[in-house]
Amino acid sequence: MLAHLHRRNFCLVAAIVTLILGAAVPAASHSAGNKVVAAITGDATPGAFPGGPFALVDHNGRAVTDANFRGRYMLVFFGYTNCPDICPMTLQDVAIALKILGPLAAKVQPLFISVDPEHDTSEVLAEYVGAFDTRIVGLTGTHEQIAQAARAYMAFYRKAPVAAATAGSPPDHQAVEHSAYTYLMGPDGRYLTHFPYNISPEAMAREIRERIGAGS
Amino acid sequence: MAVFQTRTLILGALAIVLAGSVAAMGLWPRSQSTLDDFGRYVFVPSRDVPTVAVIDNETDQIVAHLDVGVVPGQIAISEATGLLVASNVSEKSLVLMNLETRVTSTLPLDIIPDHMQLSSDGYLLAIGDVAAGKVSIISLNEKRVLSTIDGLAEPYNLSFTLDSALIYVANKAAHYVSVIDPSQGKVIEQIPVEGLANGADGNGYHGITNVTLTPSGQYGFATVEGGDFVAVLDLNSAKTLKVLTLGGQPWRAYGSADGRLMLVPNNGSKTLSVIDTTSLNVVATLAGAADVIAVNTGWFDSVAFVMSRGENKTMMIDLMTLQGIGEISFPGAPGSGVVTPDGKKLYVGLEGTQQVAVIDTRSRKLVATIEGVGANPWGITMGRSNNYCH
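Protein sequence lines, in the order shown, are assigned to chains X and L. Counting from 1, position 211 in the first sequence corresponds to residue 211 in our numbering; the numbering is continuous, with no gaps. Counting from 1, position 190 in the second sequence corresponds to residue 190 in our numbering; the numbering is continuous, with no gaps.
Worth double-checking, as some hints may not be accurate.
[Said to hold, decoys possible] So these bits of chain X aren't anywhere near chain L, every CB distance computed over 12 Å:
1) A55
2) K107
3) R190
4) A214
[As the list claims (entries may be wrong)] Computed footprint of chain X on chain L, listed as stretches where at least three residues anywhere in the stretch have a Cβ under 8 Å from a Cβ of chain X:
5) 99-111
6) 253-263
7) 290-304
8) 333-347
9) 359-367
[To be verified] 25 Å max Cα-Cα, derived DSS-like pairs, lysine-lysine:
10) L:K186 with L:K92
11) L:K239 with X:K159
12) L:K134 with L:K172
13) L:K134 with L:K186
14) L:K92 with L:K134
15) L:K242 with X:K159
These are calculated hints, taken from the structure and not from any lab test. Built from N, CA and C at the ideal position, the CB exists for glycine as well.
Produce the entire structure from the sequences given, and follow the hints as far as they go.
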C-alpha cells in the first residue's frame, strides 16, 4: 500500500510536468512566427519626424517661441475653441492626465495651438484653456505663423465649406477640419511620440511617465 | 522506501521550478484577453476558416482566435457596442460576438448580406443585398433590424457620413446615388451622376460602383464601372459639381485620413490619380500597377501604400512630393489593410498565405510578418481608426 502511494505520487508529478510542457510548446510556437519574409525594392527614405520651430502668441498676449518651452515635455494639440467635440474632449483628457501624473506634471507643458486664429484671440483662448486646466497654454498668431507651426508638426487643417458647419457650432461660424493627434516632445524640443484621438488619459499619463522616467 | 520518497520530493521540486521558469519566460498560456482596448487589436478574418485571428499591435503577437462559427463574408468591429459582427452569406444572417464574454448570437436577416458597412459611431450597420436591391439598417445596441429599404438598383457600395446621419448608396444599375436616412428608414434623395447621361448603351459606361465621401461630408467621389472619370458630387446641393477625367477604369477613390487627398487607382490603365479635395483638381497622375485593390495612408498622411493584388506588392507614394518612392513585394496578394489609430503601422492580409504583413509607415519598411492567422486572410480591420476632427 505504501509502494502504491509512492507510485501514485510519482505519476502525479510526471503528469504535472507533462502538462506544463504540453502547454508551453504551443505558446512558444505562437511567439516564434514573426519573421520577415518579404523583399523590398526601391528603399524609401523614412518620413520626417514632426516638430520644429514656431513663433506664436500665448493666451496672455505674449510672443513666444518653441524655445520658451525647452526643458519641459511639450504636449501639443492643434484645435480651435468652437470645435464641437474632439478638441474639448482631448483637452479634458490632457487635464486628467496631468492630474494622474501628480508632481511629474510640473515637467510637462501642454500647448493648445489654434487653427482658427481669426476667432481665437488671446482673450478667447485664455477663457477656453483655463476651463480645462490652468496649466494649458493657448497659442494663436497670424495665419502665416499658424500655418508654419502646422507644417512643422505635419498637422493638417482647413476651413470646412460653410454648408458643412457642424451642429453645436455657432451658425455663422465655419468649422475647421484638422487632424487630431497630440504630440509629445522632449525637453530638447524633439519628437518623442504622439497619441491618437481617444487614447485614454491613463494611457497618455503612463506613456508620459515612462518617457520622463527614461530621461527621454 | 525512503529513497523513493526522496525521489518523489525531488521530482516535485523540479516540477515547481519548471513551472516557474515557464511562467517567467512568458510561455504560460495566457488567460483570455479582454480585447477591450479597441485601439490596440487588429482583427483578421479568413476566407477558409470560421475563426478571426486577433493581433495585439503593440507586440505583433496573435492573442486570440475567435470562433465565430462561420466563414465570414465580412466582419465589422463596433467599439460602441463591444461587438464583432460577422456576416453569414449562405444563411442570410449575422453572427454577433460580445468581445468581452465571447458569447455569440445570431441575427436572422431577410436579405443576403453582400455588403456591410458600420456607421461611424458604431451603433448602426447597413447591409446591402445587391440582387434584391435592398438595404437593411441594423441596430447593434438592440440587435435587431430597424428597417429594410427596397427599390434600390443593385446597391453595390454603402458609405455612412461621419456623423452617421446619412448613408450614400452607389447603385451599380443606375445613374444616381441614393441617400438613405437611417432614422427614417427610407431614401430621401437621389443624386444624379453626370457623365452617365448616355447610359451603358451609349458610351459603354455602366452604373456607379462606389461613392467615397470626404470626412466633412461636403463631397462624394463617385466612380463608374467601365468609365474613365470620377464625378465629384456636392452632397449639400445633391448635384454633380464636376467630372474629372482620370485613367481607364477607375476602381474607387480612397481618401487620405485627413481628407486632403483622394487617390484613385485606374486599373484599366495602371495609373494612380491624385485629387486635391480643396481645389477639386487632379494634381498628379502616377504610374500604378495591375489590379490595385486598396490604398492606405499613414505617418501623418505623408505616405500612401497602394496595394496591387495583381503584382503581389505595395507601391509607396510620398504624399508631400507626390512621387513614387519604392515598393515592397509580398509572398501573397495583399488585400485592403488597416492603419493603427496613431498612423504608425499598417497591417495587410496576404491571400494565398496564412500571413499578415506589418509595415512601419514612417520607415516605410516591412517590419514583421505574422504567421498563423488562418488561410487567405482578408478584410482586416480594427475597432478604431481615423484621427480627424471637423
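Can you name, in rising order, the numbers of the hints this structure does not satisfy?
Violated hint (a single one): 5; every other hint is consistent with the structure.
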